[in-house]
Amino acid sequence: KAGVTQTPRYLIKTRGQQVTLSCSPISGHRSVSWYQQTPGQGLQFLFEYFSETQRNKGNFPGRFSGRQFSNSRSEMNVSTLELGDSALYLCASSSLPTSGTVYTQYFGPGTRLTVL
Amino acid sequence: TQLLEQSPQFLSIQEGENLTVYCNSSSVFSSLQWYRQEPGEGPVLLVTVVTGGEVKKLKRLTFQFGDARKDSSLHITAAQPGDTGLYLCAGTQGGSEKLVFGKGTKLTVNP
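Chains as they are written, first to last, in our numbering: chain W, 1 to 116; chain L, 1 to 111.
It is possible that part of the hints are untrue.
Each computed DSSO-like pair below joins lysine-lysine, with the alpha-carbon atoms no more than 27 Å apart [claimed, not checked]:
(1) L:70 / L:106
(2) W:57 / L:98
(3) W:57 / L:57
(4) L:106 / L:57
(5) W:57 / W:13
Cβ-to-Cβ under 7 Å is the rule here; a few derived chain W residues that face chain L [stated by the list, open to error]:
(6) 60
(7) 84
(8) 90
(9) 107
If you are wondering where the hints come from, they were derived from the structure by calculation, not from laboratory data.
Everything numeric in this text was worked out from a predicted model, so none of it was measured.
C-beta atoms are modelled at their ideal positions from N, C-alpha and C, and glycine is treated no differently.
All chains, please: the whole structure from these sequences, using the hints.
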């Protein structure tokens with residue numbers, strides 16, 4: 001079974017631009033979560049989608065948005081990029097959507113975004 | 001304020017030594033997970049603990065969940081260079097599936 005794939009792997013943008021990152025979950029997984037990883041803050045939860053609906057959201061400004069398609073693939077968008085948005089953006093998929101159940105998240109390799 | 005505090009932040013040891021990494025919180029977690037991340041890759045799940053006092057062993061790695069489910073530890077016996085990486089603890093609370101991560105412990109095992 002193929003793992004979680006993320007594209008592109010590396011991206012360089014300038015301040016003020018916008019960017020779209022893509023994530024393809026493991027086949028059969030319907031839940032996709034996004035995380036931002038920086039040296040200073042570590043891994044921080046952005047949002048989680050299940051069946052095209054956002055179920056959980058972290059404490060990030062509205063410039064960060066996402067969506068999920070009917071095939072479970074997900075995209076996240078960051079508008080009006082700031083220098084502080086430079087980070088590794090990780091996507092994780094999981095097969096068990098039910099709250100209260102311990103489940104396993106499988107992470108992709110991430111997209112390294114650099115904002116100049 | 002970080003919900004999960006990991007210590008030490010950095011650890012550099014010689015091959016064959018033992019080490020313990022800690023993950024502490026003032027909050028209760030319904031589950032605690034440990035991940036290992038290598039440069040250029042995403043975190044890979046090592047273990048999940050859900051019961052207070054639970055101990056799990058994975059070859060040379062021993063994981064423990066505190067009795068009050070507020071803390072956890074990872075002990076590595078006879079560390080090897082292949083154990084080098086960033087070790088992350090992450091927890092879930094209540095009925096949420098959202099993972100809260102510690103900042104990680106960067107382990108370097110020198111040959």
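- Failing hints, ascending? Structure breaks hints 3, 6, 7.
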